[in-house]
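Asks: In order, the protein sequence lines correspond to chains Z and G.
Numbers in the working numbering are just positions in the first sequence, counted from 1, shifted up by 5.
Numbers in the working numbering are just positions in the second sequence, counted from 1, shifted up by 5.
These are computed hints drawn from the structure, not numbers from a lab.
Fair warning: this is a prediction, and the values are worked out from it, not measured in the lab.
Among the hints, erroneous ones may be present.
Treat identical chains as interchangeable: a pair holds within one or across any two.
What the hints assert, rightly or not - In silico SDA-like pairs for lysine to any residue, Cα to Cα no more than 25 Å straight-line:
1. Lys-174 - Arg-325
2. Lys-189 - Gln-225
3. Lys-189 - Arg-36
4. Lys-16 - Pro-135
5. Lys-174 - Pro-238
6. Lys-48 - Glu-322
7. Lys-16 - Ala-211
8. Lys-189 - Pro-264
9. Lys-158 - Gly-316
10. Lys-189 - Glu-322
11. Lys-174 - Thr-160
12. Lys-174 - Pro-32
13. Lys-16 - Arg-167
14. Lys-158 - Ser-302
Here is how the chains run, residue by residue.
There are 2 protein chains.
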Amino acid sequence: MLNFEYYNPTKIVFGAGTTATLSRLVPETARVLLLYGGASAEKTGTLADVRAALAGRVVHEFGGIEPNPSFETLQGAIAQVRAERLDYLLAVGGGSVIDGTKFVAAAAVYDGDAWDVASSRGAVVQRALPFGAVLTLPATGSEMNNGAVVTRKATHTKQPFRSEHLFPKFSILDPTRSYTLPVKQVANGLVDAFVHTTEQYLTYPAQALPQDRFAEGLLQTLVEIAPRALAAPDDYDTRSNLMWAASLALNGLIGAGVPQDWATHMIGHELTALYNIDHARTLAIVLPALLHVRRDSKRDKLLQYGARVWGITAGSEEERIDAAIERTRTFFESVGIPTRLADYGLGQEAVEAVLAQLEAHGMSKLGERRDVTLEVSRAILQHAL
Amino acid sequence: MLNFEYYNPTKIVFGAGTTATLSRLVPETARVLLLYGGASAEKTGTLADVRAALAGRVVHEFGGIEPNPSFETLQGAIAQVRAERLDYLLAVGGGSVIDGTKFVAAAAVYDGDAWDVASSRGAVVQRALPFGAVLTLPATGSEMNNGAVVTRKATHTKQPFRSEHLFPKFSILDPTRSYTLPVKQVANGLVDAFVHTTEQYLTYPAQALPQDRFAEGLLQTLVEIAPRALAAPDDYDTRSNLMWAASLALNGLIGAGVPQDWATHMIGHELTALYNIDHARTLAIVLPALLHVRRDSKRDKLLQYGARVWGITAGSEEERIDAAIERTRTFFESVGIPTRLADYGLGQEAVEAVLAQLEAHGMSKLGERRDVTLEVSRAILQHAL
């Protein structure tokens with residue numbers, strides 16, 4: 006096991022009907038900015054429930070945070086916080102709204118250029134406004150970690166950052182909030198949580214037995230619930246397991262004491278920034294190709310993954326690895342997410358464009374061994390055509 | 006999944022050589038009371054390392070906290086904190102020292118009778134001194150939760166309590182600290198962590214898939230590492246997995262959103278209080294008998310446990326349950342811990358004595374369904390003879 010520090014002070018309040026607990030979770034004297042995305046938070050009644058729980062408090066609102074929240078859009082929220090002297094943020098939505106809220110929490114109290122918060126990967130963040138979240142979309146895990154990604158539209162840059170000051174004080178996870186999600190978003194959530202897990206698991210053996218078992222348990226859970234998650238939107242147990250599994254996949258626990266990869270994410274971010282492909286879909290494109298190209302480096306863990314998650318125990322090592330990768334690809338396809346660049350209308354030109362962006366963003370040493378060079382990324386993208 | 010709140014702000018610093026981080030973890034201006042147990046902390050060099058990391062600080066010391074820390078002993082530490090106006094506690098040891106430190110943290114700033122802290126099960130605790138821990142014995146999980154047990158020797162009472170104010174600020178987990186432990190204590194730790202897990206897992210199905218997988222993963226890990234944990238005291242990977250698994254077994258995570266039992270612990274506490282049997286050994290006596298007596302109530306989870314942890318898939322339901330219980334008993338025996346009351350020189354008189362204590366302590370409705378009456382406890386104890 007590698008040395009590690011683990012710290013996660015976010016309080017999780019989980020279950021149907023828990024939005025009312027906002028009245029005790031948000032300090033009474035707080036001057037709140039409620040941040041949300043599109044019309045769905047209004048239409049589903051979530052915003053109404055939130056407003057009711059905070060009735061009588063000072064609550065301002067900022068809507069319109071888009072998927073892959075943009076630096077440009079978030080300027081408006083920062084200005085509003087400063088103009089109204091607000092001191093507490095409440096994100097109502099999925100990972101994009103929560104990520105955007107983290108950016109606002111740090112940037113609103115930062116004295117320099119707001120983009121520094123992201124471009125420094127959070128290093129300049131010395132403090133942040135306190136914030137909580139009401140989660141509506143299980144996927145990114147942002148509700149229980151201190152990381153975020155914002156996009157600068159002007160330069161097609163998706164920039165991850167994190168800071169110990171950016172844990173939500175609390176997150177309310179009510180699985181019924183997910184009942185009205187489009188099937189496509191549920192499928193994206195399944196794949197997002199799955200790949201968050203593999204980024205912290207499919208590396209090289211570090212003799213971290215509980216972490217491996219936990220990661221495998223999350224992958225097994227996601228595979229087990231996927232059919233009903235798509236087919237039965239109001240199955241409470243299924244949606245509960247999806248919501249909690251997605252949080253557990255990226256709350257720091259399964260990644261503590263083990264090597265981490267994240268090359269799939271970094272390559273995927275460029276696909277989103279260039280072609281506006283949903284984040285999870287970029288992961289479904291990149292991961293199977295990456296596992297194929299990196300099969301030697303990841304051999305031991307791929308065999309373990311095949312055996313424990315998919316029950317693959319017969320055949321030569323190469324056959325078992327092939328089967329494990331194929332089952333992964335088939336799983337993504339089974340939830341309706343295509344796994345080839347061609348499925349998104351992209352060809353060789355995309356390979357070149359993504360490589361140019363990776364180079365421009367300093368992404369020439371990716372992966373758990375920092376040996377996913379641009380040439381390796383090229384091989385991965387070629388295999389994903 | 007049941008509704009739940011999960012909150013755990015303890016920072017874990019894990020790995021060989023991490024004791025030096027005390028210098029940044031303990032506030033510079035803190036007036037520290039360092040609490041420890043017997044001579045081993047001195048002999049192994051742990052205390053020397055701690056003192057070196059805190060050189061130049063105000064550090065007082067209180068040694069002599071015994072296994073099953075007593076209210077009577079801890080009075081001395083409370084008096085010392087008050088006399089020297091100390092404001093930060095540092096536990097160096099295993100679960101007993103950390104539990105005792107939690108009691109001191111709460112009682113030293115409580116205005117009434119110190120025993121109220123325990124007898125109210127923590128309800129009277131409105132605040133506590135901040136404290137950290139340097140763990141030397143993987144077993145109880147106290148280093149990453151807000152619960153503790155203290156014993157009032159005068160009345161043979163083991164009293165559990167907990168409070169949101171009693172999470173350690175940090176815990177340092179250095180697996181090499183466990184190298185010098187007697188084999189008996191390592192065996193106790195394996196069984197303690199195992200039964201902490203089953204108390205939160207072997208109940209009735211709650212459709213909490215990640216929690217089940219995590220619990221099974223911890224049980225599998227403990228079974229897998231047990232032989233080398235006993236035979237190879239300086240195997241870093243094995244001791245790392247034992248230490249981290251024991252913390253994960255009782256940090257609140259696998260118990261969030263699921264029913265919990267704890268009858269084995271409550272019955273076991275009486276055995277310790279009456280006959281001074283090591284805590285883990287009482288669990289090894291009670292659990293197999295409890296599973297046998299409660300087999301109908303726990304049927305579904307016993308079958309799942311048998312299949313997933315022990316690979317038992319052949320035979321009738323009764324046969325599979327018998328096999329799962331037998332594997333559990335054999336596991337405890339395999340680490341050198343006897344599982345019958347007779348092995349500890351106890352017979353029918355102990356059954357009566359424990360029942361009288363359970364009744365005196367209001368323990369007549371135990372278990373995940375609150376239907377472990379005194380008569381059920383009698384059946385369990387009879388089966389454990």
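Asks: Run every hint past the structure and note whether it holds.
Replies: Structure-based check of all given hints:
no. : hint              : verdict
1   : Lys-174 - Arg-325 : neither (44 Å within a copy, 45 Å between copies)
2   : Lys-189 - Gln-225 : within (21 Å within a copy, 36 Å between copies)
3   : Lys-189 - Arg-36  : neither (36 Å within a copy, 57 Å between copies)
4   : Lys-16 - Pro-135  : both (13 Å within a copy, 19 Å between copies)
5   : Lys-174 - Pro-238 : neither (29 Å within a copy, 41 Å between copies)
6   : Lys-48 - Glu-322  : neither (52 Å within a copy, 49 Å between copies)
7   : Lys-16 - Ala-211  : between (30 Å within a copy, 22 Å between copies)
8   : Lys-189 - Pro-264 : neither (31 Å within a copy, 33 Å between copies)
9   : Lys-158 - Gly-316 : neither (44 Å within a copy, 53 Å between copies)
10  : Lys-189 - Glu-322 : neither (35 Å within a copy, 41 Å between copies)
11  : Lys-174 - Thr-160 : neither (32 Å within a copy, 42 Å between copies)
12  : Lys-174 - Pro-32  : both (11 Å within a copy, 23 Å between copies)
13  : Lys-16 - Arg-167  : both (18 Å within a copy, 17 Å between copies)
14  : Lys-158 - Ser-302 : neither (35 Å within a copy, 58 Å between copies)
Checked against the numbered hints above, the structure violates hints 1, 3, 5, 6, 8, 9, 10, 11 and 14; every other hint is satisfied.
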